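J.: As a plain string of letters, each chain reads:
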Amino acid sequence: MTTAISVSGLVKTFGQTRALDGLDLTVRTGEVHGFLGPNGAGKSTTIRVLLGLLRADSGETTLLGGDPWADATSLHRRLAYVPGDVSLWPNLSGGEVIDLLGRLRGGLDQQRRAELLERFDLDPTKKGRTYSKGNRQKVALVAALTSDVELLILDEPTSGLDPLMEAVFQDCIAEERDRGRTVLLSSHILAEVEALCDQVSIIRLGRTVETGTLSQLRHLTRTSITAELAGPPNGIADHAGVHDLKVDGTTVKFDVDTKELDGVLRQLTSVGVRSLTSTPPTLEELFLRHYESELSSESGKHTAAVSK
Amino acid sequence: MTASTVLSAGETGTARREQEGGLVGTGALLRLALRRDRVVATAWILIFVVMAAGSAGAVAELYPTMESRVHGAAGINNTPAMVALYGRVYDPTSLGAVGLVKLVAFGAAFVALVCMFTVVRHTRSEEEAGRLELIGATVVGRYAALTAALLLSVGASLVLGVLTAFGLAGAGLPTSGAFAFGLSWAFVGIAFSAVGAVAAQVTSSARTAMGLGATVLAAAYLLRAIGDSTGSDSETWLSWVSPIGWGQQVRPFAGDQWWVLLYLLVFAVLVSSGAYALVSRRDHGAGLLADKPGPANAAASLRTPFALAFRLQRNGLVGWLSGVCLGGLVLGSMASQVGNMIDSPEARDFIAKLGGQEGLTDAFLSAEMGILAVIVAAYGISAALRLRSEETTGRAEPLLATEVSRLRYALSHVLIALVGTTVLMLGMGVFAGLAHGLAADDLGQVGRVIGAAAVQLPAVWVLTGITVAVFGLAPRAVMAGWVALVVFVLLGQLGPVLKAPEWLMDISPFSHTPKLPGGTVEALPLVVLTLIAAALIVVGLTSFRRRDIAS
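Chains X and L, in that order, give the protein sequences.
For what it's worth, the working numbering labels the leading residue of the first sequence as 1, then goes sequentially.
For what it's worth, the working numbering labels the leading residue of the second sequence as 1001, then goes sequentially.
Extracted from the complex, chain X is given alone in its bound form (with noise of 0.2 Å):
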């Protein structure tokens, strides 16, 4: 078996609400799948489906060879999930929390948990209700990442983590993936998502907007060129592809969709080009790019509210 995760066509509605409108998501075995969107885009929905939590209305999902509403219980037992927002019983230590729920899964390895735990450096004598929120993180992360299983959802896992620890996580996470576990990552972590994805799609208002690998992705941005030409810059503005362009004398500063980038080039070759400066696209402005463009064309607001 080669999918992990195989989603097409998903649709789940609260009241008034859709939710999920015909998400598409396909997850290889043995990858790292990034799973992007702006906050309310359905990430969460998505994965409470794919978790058997909630019932989707239609569509088809496939689960590590299952259906996972129906063959819920048995699809558990090989997968592990970490909340975005973990809430623990306030009566019931960190250290109870993790042997419990992974006894639950079916059996955990104790010195991974002592290994695991040294390493988040989590105290798991403190009770539940004690727990800073990033510390209540770790604890579902450890719970996860001690049970031996195929497949580890985990939506938002670093939020609350603090910058130590992210790189830890990001540590246990590549270990996992050399290991040949799959991974659902929904993140807003860039930075997380370029150091871990193999795989990465966004979606947003409840559609897959962008799938692929993070390079392939690239390519569907703006790089920005500023160049000095040796003549006036003709025909540049007219070029498919070409943003933004500013004219100053023989001074031209423009972004170009990287796809343009090779004919582009060439135009400016061919009037002379004395100094060229190229920035590539940053992570960053693709996201933004993708976020933006719904709020502006769904809300008519053009203000990045990506905080996280």
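Among the hints, a few may not be true.
Said to hold, decoys possible - Cβ pair distances, simulated, as ranges:
1. L/Ala1129 / X/Gln111: 33 to 39 Å
2. L/Arg1031 / X/Ser6: 47 to 53 Å
3. L/Leu1524 / X/Arg55: 39 to 45 Å
4. L/Leu1415 / X/Asp148: 27 to 33 Å
5. L/Pro1295 / X/Asp148: 22 to 28 Å
6. X/Gln216 / L/Thr1393: 50 to 56 Å
7. L/Gly1319 / X/Asp109: 35 to 41 Å
8. X/His219 / L/Leu1415: 27 to 33 Å
9. X/Asp198 / L/Arg1031: 48 to 54 Å
10. X/Asp162 / L/Asp1283: 18 to 24 Å
11. X/Thr29 / L/Pro1295: 35 to 41 Å
As the list claims (entries may be wrong) - Partial list, computed: chain L residues near chain X (C-beta under 7 Å):
12. Ser1205
13. Ala1298
14. Gly1394
Everything labelled a hint here was simulated from the structure, so no lab data went into it.
None of these values were measured; they are calculated from a predicted model.
Backbone N, C-alpha and C fix where the C-beta goes; we use that ideal spot for every residue, glycine too.
The hints should help you fit chain L onto chain X, whose structure is shown.
T.: Only chain L this time, still in chain X's reference frame:
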């Protein structure tokens, strides 16, 4: 209470700014609290008012003549167990004093419980859930939440007191006594609002805060119980160190000692200023009592959903068990003396008609079993409601993402509710039976009383079933379980007094429970009730398997 307050305070020095700034936003928070509690608060106020007015309406029939009152009063005053449980009748000739003696302290204790719950709900529960932090970061003073909670609780107490007074006066009792009664309830409520305010500061968990408050209440009740019952013909000083005792010493319908209300008022002011002092000394989210560390590893037994449910509900069950066993002990020891209590033939007749069939003792035991069944049914509802609170807090989600099926998860708490109610009812029966058997010098009574407790169970389970069914079918309406209990109790208590039609009273499952000991047992109603409970649970569990889990 907005920026203008802050500005004007800023001009007059930091001390005043600190003081006034601490209360900024109280008005807004009070409106929020009123908005959240409008239904609940109205409901509990009305329950108390209806209970008091209903009893006042019934006592005229119970004690029609002066002799019957004097006899009734003597029966209570000469029975130490009755004096301990309810208090003394201070004027045997007064209808109100004799007829409402059971409500003065007992009712006040429930008012106190609800007031503490209200204050904790709007302070520590909010803080624990993190919602207060959201509000605390806006223009809201340090003392605003506590002040809003206290204003709500004090206001509700006063409304309750005044409406109760109107209800009693409307039922024909003297107006002055009616107000003394209503205000004694109200001021006990105010005093315990202050206790709730302190408890909410001391611990970081709302549950523990409620436990702490309930312990203070129990201690206050116990102090006056000892104080009232150990004096030869009046209370001792112990009754005068208890807020519940002060509420009684207002002596409604028996002299109306208004000045005792001042004790309660001074107590409330002192205790609540203690709560304010604690607020200014502690951090947000923290309590005064630090949490003890727990074990680093789970016990080997903590490996099933049921083990978790038991672990979560264990302390609560132990608390309830000690409560109902104590209740059984007190009622059992009173049962054989009950014949002395009521000497009027009409009253005997009334009790016999109302409850049992042969013998006042059996009628008394049977009536008290019915009351305890309601209390145990309340436990069953609250235990089953854990399913919903686990779901809405997001704690069910990680469990359901493991190999645990929905059925197994839901069954774990349903089993706690069913087994818990059984243990409570039988435990209470054992204690009541032993106490009654020893008092009556007839240990053969033990089995009879346990049997009387056991036959209550099917009706109790119906309430658990209703809660589970609503949890599965319409999870947002889970409070329907409580509504059903209140409706059934009102049908049972007021139905006969208001001469309601038979079919209406038959809606309550408690009306089908055999009147034991003394009555005859028919298996059919018990079987039908058990089947109804089982069917409701099956409906709830099946629907839960098919619905979405709330996030």
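J.: With reference to the structure, classify each hint as holding or not holding.
T.: The hints, checked one at a time:
no., hint, verdict
1, L/Ala1129 / X/Gln111: 33 to 39 Å, "holds (37 Å)"
2, L/Arg1031 / X/Ser6: 47 to 53 Å, "holds (51 Å)"
3, L/Leu1524 / X/Arg55: 39 to 45 Å, "holds (40 Å)"
4, L/Leu1415 / X/Asp148: 27 to 33 Å, "holds (30 Å)"
5, L/Pro1295 / X/Asp148: 22 to 28 Å, "holds (24 Å)"
6, X/Gln216 / L/Thr1393: 50 to 56 Å, "violated (41 Å)"
7, L/Gly1319 / X/Asp109: 35 to 41 Å, "holds (38 Å)"
8, X/His219 / L/Leu1415: 27 to 33 Å, "violated (58 Å)"
9, X/Asp198 / L/Arg1031: 48 to 54 Å, "holds (53 Å)"
10, X/Asp162 / L/Asp1283: 18 to 24 Å, "holds (21 Å)"
11, X/Thr29 / L/Pro1295: 35 to 41 Å, "holds (38 Å)"
12, Ser1205, "holds (6 Å)"
13, Ala1298, "holds (4 Å)"
14, Gly1394, "holds (4 Å)"
Of the numbered hints listed earlier, those contradicted by the structure are 6 and 8.
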